[in-house]
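Student: Since chain V is already given, all that's left is putting chain S on it; use the hints.
One-letter residues, chain by chain:
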Amino acid sequence: MAARKKTLWQEFTKGIVKENPVLRLVLGTCATLAVSTAASNAIGMGLATTFVLVCSNAVISLLRKVIPDKVRIPSYITIIAGFVTIVQMFIQAYSPDLDKALGIYLPLIVVNCIILGRAEMFANKNPLLPSILDGLGMGVGFTATLLLMGIIRELLGSGTVFGLSVTASFMDPILIFILPPGGFFVFGLLVALANRLSGEGKAPEEIGCKGCPLAGGCSRLQAKEGSDK
Amino acid sequence: MTGETIKGLVSIFLAAILTENYILSKFLGICPFLGVSKKLNTAASMSLAVTLVMVISTAVTWPIYYGVLVPNNLAYLQTIVFILIIAALVQLIEITLKRYMKPLYNALGIYLPLITTNCAVLGVTMLVIDKHTASPESFHFLQAIINAFGSGIGFLVAMVLFAGVRERLETCDIPKSLRGLPITLIAASLVSVSFLGFQGLVEGLLG
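Which chain is which? The protein sequence lines are V and S, in order. Using this note's numbering, the first residue of the first sequence is number 1, and each one after it goes up by one. Using this note's numbering, the first residue of the second sequence is number 1001, and each one after it goes up by one.
For reference, chain S alone in the conformation it holds in the complex:
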C-alpha cells in the first residue's frame, strides 16, 4: 500500500467524522440522537453499538451487492435485500455476543434491537455503494469499510457532544412551550452550526 492510498483512506475517515457527519449534516439517525442522548454513558454505548453494526453490515452488504445483485441485474432489489440483511445481521450479532462475549453483550446488548430500523445503518450501507461505485476492486472494499467505521465514530462524536449539552440543559430555566423537544432541537441546531466550521478542513489538512 502506497502513501497515496493511505492518505486517501485517512481523508475518507476524517471526512466521514467531521464534514459529512451522519447526524449533524445528513440527518440520519435522528431518533437515537434525540431519544438516547440524555446521559453520557448511554449515548456512548449506543453509538458504539451503531458503529459495530455499521461496519459489519457494510462488510456483508458490499460484497453481496457487487457479487450477487449486480451480475444478475438485480440492483433494483437493493433496498429490500439490504434491510433484510441488516435485520438478520443484528439478530446474529446479538446472539453471538450473548454466547461468546458476555461483558460486551451486557454493555451493548440492550441497544441492538433498536438498531435494526435505524436509518443511519441502512444509510451508510447504501451511501457507501453510491460513493465507491466505479468498479468493485478490492481497494474500494477497504474504502467502504473505512467510510462505515468513520461514520460510526462521527455518530459517536455527535452523540457524546450532544449528551454533554443536554446535561447542561437539564438545569436551565426554559420557557414553557420550548421545554423538552423544541429546546433540544434548537440546541442541536447550534451544535450543527459548530460542525459547519469543519467545512474544507479535511482538504486543507491533506490536500
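So here's chain V without its partners, still in its complex pose:
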C-alpha cells in the first residue's frame, strides 16, 4: 500500500519538476508565450488549462476501453473541446475581464498539445486515479511555469507584479519584455536554466515531439529529413 501511495505521489509530482510540460517536454509553447505578459493572466490561463486537463484525463481514462483505437484522436479532441467550451462560458460569465485578456487563447486551449499529449501518452493507458493526478501535476507544473514567466515579464516590462507597482519608483519599465520578442527571450533563458539545473546540460533534442500526439507524423517527417541529408 505504501508503495502504491508513493507511485501515486510520483504521478503528481513528476509534472511539476522532472517532466515539467513547458520547460522539459516543451509542450504548450503558444499559450505560454502569449499570455505570460502579466502574472494575473498567467494564473487564469494556468487554472483554465488545469481544469480541462484534469477533466479530459479523467473522462478519457474512463472511456479508454470503449473508444476504438482508430478514431481515438478525433474522440479526444471532441471531449477536450467540450470541456474548453465549459471553461470558456464559465469565464465569460464570471470574469469578463479575464476573458478579454486571454482573448483567442482561451478557446485555443483545445489545441494546446499538453492536453492531447497527456491523453495519448498517459490517460488512455492508465486507470482513473493516476490519470487525474497526472493531469493535476501537469496542470500545476504548467501554471507554475506560466506564473514564473508572467512575473518576470510583468516586473521587467511594466514594473509591476499582479498590478502592484514594484520597481516604478527607481527604474523605467523595459517595454520590450511585454512585447512578443521578450516572450521568446525569457522563455529561451528559462529553458536554458532548466537544462542547466537538471544537471546534464542536455537540451531536449527534438522539440516538443516527445509528447506530441502526432509524433507518428513527425517521425515520418524526420525520417524524410534524414534521407535528404
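Hint data in this document are derived by calculation from the structure and do not stem from the laboratory. Note that the structure is a prediction, hence the values are computed from the model and not measured. Watch out, some of these pointers could steer you wrong.
As the list claims (entries may be wrong) - Cβ pair distances, simulated, as ranges: (1) Thr13/V <-> Ala1059/S: 32 to 38 Å; (2) Gly1067/S <-> Thr78/V: 39 to 45 Å; (3) Val1070/S <-> Ser198/V: 37 to 43 Å; (4) Lys70/V <-> Gly1008/S: 25 to 31 Å; (5) Pro68/V <-> Lys1102/S: 26 to 32 Å.
To be verified - In silico lysine-lysine, DSS-like type, Cα no more than 27 Å apart, as pairs: (6) Lys70/V <-> Lys1038/S; (7) Lys14/V <-> Lys1176/S; (8) Lys125/V <-> Lys18/V.
Even for Gly, the Cβ is constructed at its ideal location relative to N, Cα and C.
Tutor: Showing chain S alone in chain V's frame:
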C-alpha cells in the same frame, strides 16, 4: 469593386503578413515554427500546406458560423464545431490530393496530418470571425479569405526567414546549456524584434 475596397483588401493582406504575423506577434503555430524550421525546403512546404488549409478552412467555417450557428443561437459551440470541421477537412484535403494531384501530395502530404491540431489554423478561423463580425455581407467573406491567405503567407515568410537563421546557427559555437532549444528561442526573439519595425508601415503606405 471600387478602388476603396481593393485598397482595404490590400491593407488587410499586408497587415496579416507584416504587422500581425501569426508566429512572431501572435504566438500561434510555434510548434511547427520550432520543430520544422531546420531546413529551408521543409519549412517552405510545411507553410504552403498550412496556407492551403487556412484558406480552405476559413472558406468553410465562415459560412457555417453565420449560416448555421448564429441563426440557431449556437454560437457558443464555435470551438467544438470548428475543430471538428478542420480535422475532417484536413482528412478530405489529404484524400483529394492523393487521388487527383499526386505531385502536390508528394510535396505537402506528409505535413497535412500535423496541421489538424495546429493552433494557427484554428486561430485564423476564429480571429477572422472576431474581426469581420459586424454583419456577414458577402464582402466580409472576401475580407476573411484574404486575411486567411495573408496569414498563411505571413507564416511562410516567418518560417523561411527563420530557417535561414537556423542554418547559420548550426555551425556556431554555442555555450553548452544554451544549445538546442534555448538559442533557437533567443534567435526567434531577435527575428521578432525585426518584425516590430513594420509597426505602422501598412497605415503609412496606404493611409
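Student: Look at each hint and say if it fits the structure.
Tutor: These are the hints, each one checked on the structure:
The given range of 32 to 38 Å is broken by Thr13/V and Ala1059/S, whose C-beta atoms sit roughly 47 Å from each other. The supplied range of 39 to 45 Å is broken by Gly1067/S and Thr78/V, whose beta-carbon atoms lie about 22 Å from each other. Separation of Val1070/S from Ser198/V is about 50 Å and departs from the stated range, judged on CB atoms against 37 to 43 Å. For Lys70/V and Gly1008/S, the Cβ-Cβ distance of about 46 Å falls outside the hinted range of 25 to 31 Å, so the restraint is violated.
Between Pro68/V and Lys1102/S the beta carbon distance is about 31 Å. The supplied range of 26 to 32 Å therefore holds. The suggested pairing of Lys70/V with Lys1038/S is violated, with an alpha-carbon distance near 31 Å, which exceeds 27 Å. As the CA atoms of Lys14/V and Lys1176/S are separated by approximately 25 Å, the hinted pair is consistent with the 27 Å bound. Proposed proximity of Lys125/V and Lys18/V is supported: the alpha carbons are some 20 Å apart, at most 27 Å.
Comparing the model with each numbered hint stated earlier shows that hints 1, 2, 3, 4 and 6 do not hold.
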